[in-house]
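Chemist: Here are the chains, one letter per residue:
Number of protein chains: 2
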Amino acid sequence: MDFKDLAVQDFYPDDVSYCYGCGRLNDHGHHLRSYSEGDETVAHFIPEPYHTAIPGYVYGGLIASIIDCHGTGTAAIAAFKKENRSYDSMPPFRFVTAHLEVDYLKPTPLGVELELRGKVIEQKGKKVITEITVSANGEVTARGKVVAVQMPETMKK
Amino acid sequence: MDFKDLAVQDFYPDDVSYCYGCGRLNDHGHHLRSYSEGDETVAHFIPEPYHTAIPGYVYGGLIASIIDCHGTGTAAIAAFKKENRSYDSMPPFRFVTAHLEVDYLKPTPLGVELELRGKVIEQKGKKVITEITVSANGEVTARGKVVAVQMPETMKK
Numbered sequence: 001m002d003f004k005d006l007a008v009q010d011f012y013p014d015d016v017s018y019c020y021g022c023g024r025l026n027d028h029g030h031h032l033r034s035y036s037e038g039d040e041t042v043a044h045f046i047p048e049p050y051h052t053a054i055p056g057y058v059y060g061g062l063i064a065s066i067i068d069c070h071g072t073g074t075a076a077i078a079a080f081k082k083e084n085r086s087y088d089s090m091p092p093f094r095f096v097t098a099h100l101e102v103d104y105l106k107p108t109p110l111g112v113e114l115e116l117r118g119k120v121i122e123q124k125g126k127k128v129i130t131e132i133t134v135s136a137n138g139e140v141t142a143r144g145k146v147v148a149v150q151m152p153e154t155m156k157k
Numbered sequence: 001m002d003f004k005d006l007a008v009q010d011f012y013p014d015d016v017s018y019c020y021g022c023g024r025l026n027d028h029g030h031h032l033r034s035y036s037e038g039d040e041t042v043a044h045f046i047p048e049p050y051h052t053a054i055p056g057y058v059y060g061g062l063i064a065s066i067i068d069c070h071g072t073g074t075a076a077i078a079a080f081k082k083e084n085r086s087y088d089s090m091p092p093f094r095f096v097t098a099h100l101e102v103d104y105l106k107p108t109p110l111g112v113e114l115e116l117r118g119k120v121i122e123q124k125g126k127k128v129i130t131e132i133t134v135s136a137n138g139e140v141t142a143r144g145k146v147v148a149v150q151m152p153e154t155m156k157k
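Just so you know, the protein sequences line up as chains A and B, in that order. Just so you know, we're using the working numbering here: the first sequence kicks off at 1 and counts up by one. Just so you know, we're using the working numbering here: the second sequence kicks off at 1 and counts up by one.
Be a bit skeptical, because a hint or two may be false.
Since the list can't tell identical chains apart, any single copy or any two copies may satisfy a pair.
[Claimed, not checked] Quick list of in silico lysine-lysine cross-link-like pairs, DSS-like style, CA-CA up to 27 angstroms:
#1 Lys119 x Lys81
#2 Lys126 x Lys106
#3 Lys106 x Lys124
#4 Lys106 x Lys156
Everything labelled a hint here was simulated from the structure, so no lab data went into it.
Taking the hints into account, I'd like the entire structure generated from these sequences.
Modeler: Written out as structure tokens, the structure is:
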């Protein structure tokens with residue numbers, strides 16, 4: 001299995017694939033897709049024209065949202081890699097966010113594709129800490145940190 | 001002018017009232033409204049059924065978004081209060097977010113009204129730091145910190 005061409009979210013089990021940010025089964029959501037690329041992860045996203053902050057710029061809440069989902073996606077990718085397992089092997093990995101930080105370094109322009117890049121900062125037990133950058137036109141406009149933990153079984157309904 | 005019954009976002013100038021989170025002129029957005037209440041601020045929000053994280057719980061990106069907008073709203077309220085001015089007096093105050101942090105303390109249930117409460121932690125020059133809690137059914141489920149700065153004039157198009 002070649003990780004490079006597969007998005008980890010496409011292998012989340014059905015019952016945990018309804019996330020508004022990245023769930024493939026959420027009809028209303030953003031459908032963010034996170035891919036492995038060498039030691040990093042990558043995702044691309046084009047905000048809608050109405051995802052406005054100040055006109056011309058992307059709404060900070062959306063930036064926080066895609067950082068969040070790329071962070072948990074990066075955590076899942078790292079967990080599979082650590083066990084040298086493919087995304088379709090059992091048991092699956094599904095992470096949720098315990099802590100999120102975003103530095104808005106400069107306004108993010110609307111109307112262009114954004115690139116998110118993820119790196120693992122720490123991976124220990126059920127916790128993975130990732131650093132995520134958001135770039136527009138090749139320039140980093142926001143930087144985030146996501147502390148992701150494996151979803152507790154008690155969250156499943 | 002009685003601050004208590006007025007939302008600060010309803011007094012943002014038209015050209016900066018298109019925020020997806022709280023702009024009254026954004027047809028697609030959340031229209032969050034922040035009110036002063038004693039030394040605190042308050043806002044209420046009911047997520048849509050599709051704002052899902054894991055089914056049954058609110059998507060973390062939405063929680064980050066409403067914390068962000070209630071944080072900048074709380075900053076604007078604090079700025080007006082410091083100058084003892086009403087929201088409709090000139091010049092207006094409009095803050096943007098430099099840094100956002102969210103601790104997801106426990107899963108936030110979907111299907112109930114959320115209450116956001118804001119407090120000013122620091123207010124100095126053009127910067128206001130606020131702490132925001134999100135509660136569901138009377139229980140705090142997330143806690144955020146927003147470092148807000150007055151919007152630079154260069155952000156206006």
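Chemist: For every hint, state whether the structure bears it out.
Modeler: Hints, verified against the model:
Taking the shortest alpha-carbon separations for Lys119 and Lys81, only the intra-copy value of 13 angstroms comes in at or below 27 angstroms, while the best inter-copy value is 43 angstroms. Proximity of Lys126 to Lys106 under the C-alpha cut-off of 27 angstroms is restricted to the inter-copy arrangement: shortest distance 17 angstroms between copies versus 33 angstroms within a copy. In the homo-oligomer, the alpha carbons of Lys106 and Lys124 lie at most 27 angstroms apart only across protomers (21 angstroms), although the nearest pairing inside one protomer, at 32 angstroms, exceeds that limit. With identical chains, the CA atoms of Lys106 and Lys156 are at most 27 angstroms apart between copies only, with a shortest distance of 14 angstroms across copies and 38 angstroms within one.
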